[in-house]
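**Q** This is what each chain is made of:
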Amino acid sequence: MAIITLTTDFGERDHFVGAIKGFILSEIEDANIVDISHLVSPFNIVEAAYIIGNAYKTFPKGSIHIIGVDSELTPVNKHVAVAIDGHFFIGADNGILSFLANEVNPEKIVEINIHDRIKSVFPVLDVFVKVAGHISRGGTLEVIGKAIKKLKMPKGLSPIINNEENQITGSVIYIDNYGNVVTNISKRLFETYKRGRGFELWARNHKFTNVYHKYSDVVNFDTESVNKKDGEKLAIFNSASLIELAIYRSNLDTVGGASTLLGLKYRDPITINFI
Amino acid sequence: MAIITLTTDFGERDHFVGAIKGFILSEIEDANIVDISHLVSPFNIVEAAYIIGNAYKTFPKGSIHIIGVDSELTPVNKHVAVAIDGHFFIGADNGILSFLANEVNPEKIVEINIHDRIKSVFPVLDVFVKVAGHISRGGTLEVIGKAIKKLKMPKGLSPIINNEENQITGSVIYIDNYGNVVTNISKRLFETYKRGRGFELWARNHKFTNVYHKYSDVVNFDTESVNKKDGEKLAIFNSASLIELAIYRSNLDTVGGASTLLGLKYRDPITINFI
Amino acid sequence: MAIITLTTDFGERDHFVGAIKGFILSEIEDANIVDISHLVSPFNIVEAAYIIGNAYKTFPKGSIHIIGVDSELTPVNKHVAVAIDGHFFIGADNGILSFLANEVNPEKIVEINIHDRIKSVFPVLDVFVKVAGHISRGGTLEVIGKAIKKLKMPKGLSPIINNEENQITGSVIYIDNYGNVVTNISKRLFETYKRGRGFELWARNHKFTNVYHKYSDVVNFDTESVNKKDGEKLAIFNSASLIELAIYRSNLDTVGGASTLLGLKYRDPITINFI
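Protein chains in written order, with this note's numbering: chain B, 5 to 279; chain F, 5 to 279; chain S, 5 to 279.
None of these hints come from the bench; they were simulated from the model.
Computed from a predicted model, the values in this text were never measured in an experiment.
It is possible that some hints are incorrect.
Below, a list of computed lysine to any residue pairs in the SDA-like style, where the Cα atoms sit at most 25 Å apart [to be verified]:
{"#": "1", "chain 1": "F", "residue 1": "Lys-112", "chain 2": "F", "residue 2": "Ala-87"}
{"#": "2", "chain 1": "S", "residue 1": "Lys-82", "chain 2": "B", "residue 2": "Lys-134"}
{"#": "3", "chain 1": "S", "residue 1": "Lys-218", "chain 2": "F", "residue 2": "Ile-88"}
{"#": "4", "chain 1": "B", "residue 1": "Lys-237", "chain 2": "S", "residue 2": "Lys-65"}
{"#": "5", "chain 1": "F", "residue 1": "Lys-134", "chain 2": "F", "residue 2": "Gly-202"}
{"#": "6", "chain 1": "F", "residue 1": "Lys-218", "chain 2": "B", "residue 2": "Asp-97"}
{"#": "7", "chain 1": "F", "residue 1": "Lys-156", "chain 2": "F", "residue 2": "Phe-212"}
{"#": "8", "chain 1": "F", "residue 1": "Lys-82", "chain 2": "S", "residue 2": "Val-80"}
{"#": "9", "chain 1": "F", "residue 1": "Lys-82", "chain 2": "S", "residue 2": "Ser-243"}
{"#": "10", "chain 1": "B", "residue 1": "Lys-154", "chain 2": "B", "residue 2": "Lys-237"}
{"#": "11", "chain 1": "B", "residue 1": "Lys-156", "chain 2": "F", "residue 2": "Asn-224"}
{"#": "12", "chain 1": "S", "residue 1": "Lys-112", "chain 2": "F", "residue 2": "Asp-74"}
{"#": "13", "chain 1": "B", "residue 1": "Lys-154", "chain 2": "B", "residue 2": "Glu-76"}
{"#": "14", "chain 1": "F", "residue 1": "Lys-159", "chain 2": "S", "residue 2": "Ser-243"}
{"#": "15", "chain 1": "F", "residue 1": "Lys-218", "chain 2": "B", "residue 2": "Lys-218"}
{"#": "16", "chain 1": "B", "residue 1": "Lys-82", "chain 2": "F", "residue 2": "Leu-238"}
{"#": "17", "chain 1": "B", "residue 1": "Lys-65", "chain 2": "S", "residue 2": "Met-5"}
{"#": "18", "chain 1": "B", "residue 1": "Lys-65", "chain 2": "S", "residue 2": "Asn-36"}
{"#": "19", "chain 1": "S", "residue 1": "Lys-218", "chain 2": "F", "residue 2": "Arg-17"}
{"#": "20", "chain 1": "S", "residue 1": "Lys-159", "chain 2": "B", "residue 2": "Lys-237"}
{"#": "21", "chain 1": "F", "residue 1": "Lys-82", "chain 2": "F", "residue 2": "Ala-105"}
{"#": "22", "chain 1": "S", "residue 1": "Lys-61", "chain 2": "F", "residue 2": "Val-38"}
{"#": "23", "chain 1": "F", "residue 1": "Lys-61", "chain 2": "F", "residue 2": "Asp-97"}
{"#": "24", "chain 1": "F", "residue 1": "Lys-198", "chain 2": "B", "residue 2": "Glu-76"}
{"#": "25", "chain 1": "S", "residue 1": "Lys-65", "chain 2": "F", "residue 2": "Asn-214"}
{"#": "26", "chain 1": "B", "residue 1": "Lys-65", "chain 2": "S", "residue 2": "Val-125"}
{"#": "27", "chain 1": "B", "residue 1": "Lys-134", "chain 2": "B", "residue 2": "Gly-149"}
{"#": "28", "chain 1": "B", "residue 1": "Lys-218", "chain 2": "S", "residue 2": "Val-80"}
{"#": "29", "chain 1": "B", "residue 1": "Lys-134", "chain 2": "F", "residue 2": "Ile-7"}
{"#": "30", "chain 1": "F", "residue 1": "Lys-269", "chain 2": "B", "residue 2": "Leu-43"}
{"#": "31", "chain 1": "F", "residue 1": "Lys-269", "chain 2": "F", "residue 2": "Asn-214"}
{"#": "32", "chain 1": "B", "residue 1": "Lys-150", "chain 2": "B", "residue 2": "Ser-175"}
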């Protein structure tokens, strides 16, 4: 059974996702289609990279991941298929895949060239599903494209270390369903530069001096009742091993989450000073 | 494996969709259930018809499509099962299916009459899934209903051609996830009446004199940078072969889309003058 | 084929649900994963109980239902696996499952104790999926936990009968996709105490003296046109056999639904006086 996942900015109301699923089932009879997300903000490649990057790893090796974000074919937005970590990814070379390829070296990258046969206003359906079908039948990437060396890497999206190596300046890359604020500062980067020192993490005028390992670590269950810390702000290494700013048991629809309560939004700077 | 698709206005939060899926799996062991959309605006038959009409064609022949929009059984809202184009549709005879039957002649229409055995506040589950089970086991439509000749056709939803045949007056039938404004004027109708003439398409006080074949056709990549035309308005034949008004690389949540920027909404008139 | 359902407050945009599905497919090769809902309001156990309680019954016996709401393991929030009515439920002992166990006696309850091997910031993935895999392979609950007698039951969520037995005081437990207002007063409770008497149901200053069996019962099709009663308020026994207050053919986005038009919200009191 071929596992095909979908990560798009198509939303969930329109016919786009349904049409793609129908075409997948027509091309790949035993396809097991899994939705990762269709609610990526339109054309937001950082968000798309965060979502697919944190979702794909739990899937069995050999899974095929279609990414339908900013995927119209243009002279500056080529279509690629990439093998990384035993998984296959199909999408546009717009930066999303270079985030994934940054962590793990791709085994192979090809620029898809089956377009001569297919003129399309809807390439995720007409091109990406065709490529997925080819891969699912055991076909090699070389048949559907020519090997290339590198993916496009957008600038300005990684944290910066100062020369004294006592400061990391990162930024907000994602706000999740609970209003939690995810930064691009990884646990690994943080620990590489911490070197046993204390630290202050600043987000606007909010200071954090601890990074917890789970949300409820903020509560001392020996002496405190469970609701004592509801609404308290905390920093945590989240399940993606990135530093995340959260409000304990928050709810965006009622009391608000870290994003609204701390006044933080996508791309805001986050600074860590080691002291 | 029986493919059963679902198009409803049930939303995605409540238990309705889950309950239906459970019942499908109880009735049809090897069912492959595919969500088309559960975000149809409540009771909006035009929207439902646009979504299912554009999604079903990519599915394999023999697929069974359940439509749960405005489906309570009343003396004026009968339940029907329809075979069109090798596909099966189950829903209420409220106009949704007559849009589909308008394009391709139905092979068979039956008015479902298994209700004597089933009294239901939730007919999509109790009636439509039973019918889907029957069809998936190879049963004929005659067993679950009596053949009828015609589906109900709502009035006033098709574009109008004036007597001089130099003007088409259509309307907005759908606003998609990007804020793109979809009209009911098809490429075929447009080209039938264009006959080599120039034209002006008017939507409120906005004029369009070109209809592109893909979004990025608005950019001249030889002389222009890729972001040059971000936010520019354009008309396009969309993937459903209907004229659509769009904003290049729009985002409803930030800069806005065609619907908000051009001030267009569901049912607004669209006029094309051939000159 | 093992049926695994998911009911969570994770939302549909983030990577959480995708990551869980990937891990399920890695652990249970022939898993048939069904989404019940991912739009439970964060940490809202009443809503979660209403949704899963009304969805699970249509699934085949032996289905495994994972509940990812308020599931971080703490000293006061244990993880449990429960067999009820031939179904398996995996979640935190936070009250959700005690609602289900209230209707049908659980066949078995165990407190999950595989945590020594698993430290997790994301227990739905790391713990609940492991337990689901164990159950899907025919494993017994005793292997993954120790039997306990009772689930935690939150207080104050059941309707109250006065001493004279002429009044039921319930409350609003759910607002659905159409704005319909669902109460915690069941048809059974209502009929047990009605005993042939008349009644007045009060919701704020709105009075209802009838409870219908389907929405369109409010229309007399012999003498009234179908749209005559659009926008009329009514009470109905809904598909969950609970009393629900509705607006006939309502639409939250346009005319509004019962919740907005009657000014009712989650937890508001509902009173029935028998006279």
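**Q** Next, verify each hint and record whether it holds.
**A** Here is what the structure says about each hint:
1. Lys-112(F) / Ala-87(F): OK: Lys-112(F) and Ala-87(F) at ~5 Å, within 25 Å.
2. Lys-82(S) / Lys-134(B): violated (47 Å)
3. Lys-218(S) / Ile-88(F): Judged against 25 Å, a Cα distance of about 31 Å means the pair is violated.
4. Lys-237(B) / Lys-65(S): violated (43 Å)
5. Lys-134(F) / Gly-202(F): violated (53 Å)
6. Lys-218(F) / Asp-97(B): With Cα atoms ~19 Å apart, Lys-218(F) and Asp-97(B) stay inside 25 Å; holds.
7. Lys-156(F) / Phe-212(F): violated (35 Å)
8. Lys-82(F) / Val-80(S): violated (53 Å)
9. Lys-82(F) / Ser-243(S): holds (20 Å)
10. Lys-154(B) / Lys-237(B): With a Cα-Cα distance of about 41 Å, the restraint between Lys-154(B) and Lys-237(B) is violated, given a limit of 25 Å.
11. Lys-156(B) / Asn-224(F): holds (21 Å)
12. Lys-112(S) / Asp-74(F): Given pair Lys-112(S), Asp-74(F) is violated - Cα atoms ~41 Å apart, limit 25 Å.
13. Lys-154(B) / Glu-76(B): Measuring from Cα to Cα gives roughly 20 Å; hence the hint holds.
14. Lys-159(F) / Ser-243(S): Measuring from Cα to Cα gives roughly 33 Å; hence the hint is violated.
15. Lys-218(F) / Lys-218(B): violated (47 Å)
16. Lys-82(B) / Leu-238(F): holds (23 Å)
17. Lys-65(B) / Met-5(S): holds (21 Å)
18. Lys-65(B) / Asn-36(S): With a Cα-Cα distance of about 19 Å, the restraint between Lys-65(B) and Asn-36(S) holds, given a limit of 25 Å.
19. Lys-218(S) / Arg-17(F): holds (22 Å)
20. Lys-159(S) / Lys-237(B): It is violated: about 29 Å lies between the C-alpha atoms, which goes past 25 Å.
21. Lys-82(F) / Ala-105(F): holds (16 Å)
22. Lys-61(S) / Val-38(F): holds (20 Å)
23. Lys-61(F) / Asp-97(F): Answer holds: Lys-61(F) to Asp-97(F) is near 20 Å, not above 25 Å.
24. Lys-198(F) / Glu-76(B): violated (28 Å)
25. Lys-65(S) / Asn-214(F): violated (59 Å)
26. Lys-65(B) / Val-125(S): Since the Cα atoms of Lys-65(B) and Val-125(S) sit roughly 24 Å apart, the hinted pair holds (cutoff 25 Å).
27. Lys-134(B) / Gly-149(B): holds (12 Å)
28. Lys-218(B) / Val-80(S): holds (15 Å)
29. Lys-134(B) / Ile-7(F): holds (20 Å)
30. Lys-269(F) / Leu-43(B): Between Lys-269(F) and Leu-43(B) the Cα gap is close to 22 Å, so the pair holds against 25 Å.
31. Lys-269(F) / Asn-214(F): It holds: about 21 Å lies between the C-alpha atoms, which stays within 25 Å.
32. Lys-150(B) / Ser-175(B): Roughly 36 Å separates the two Cα atoms, so the pair is violated.
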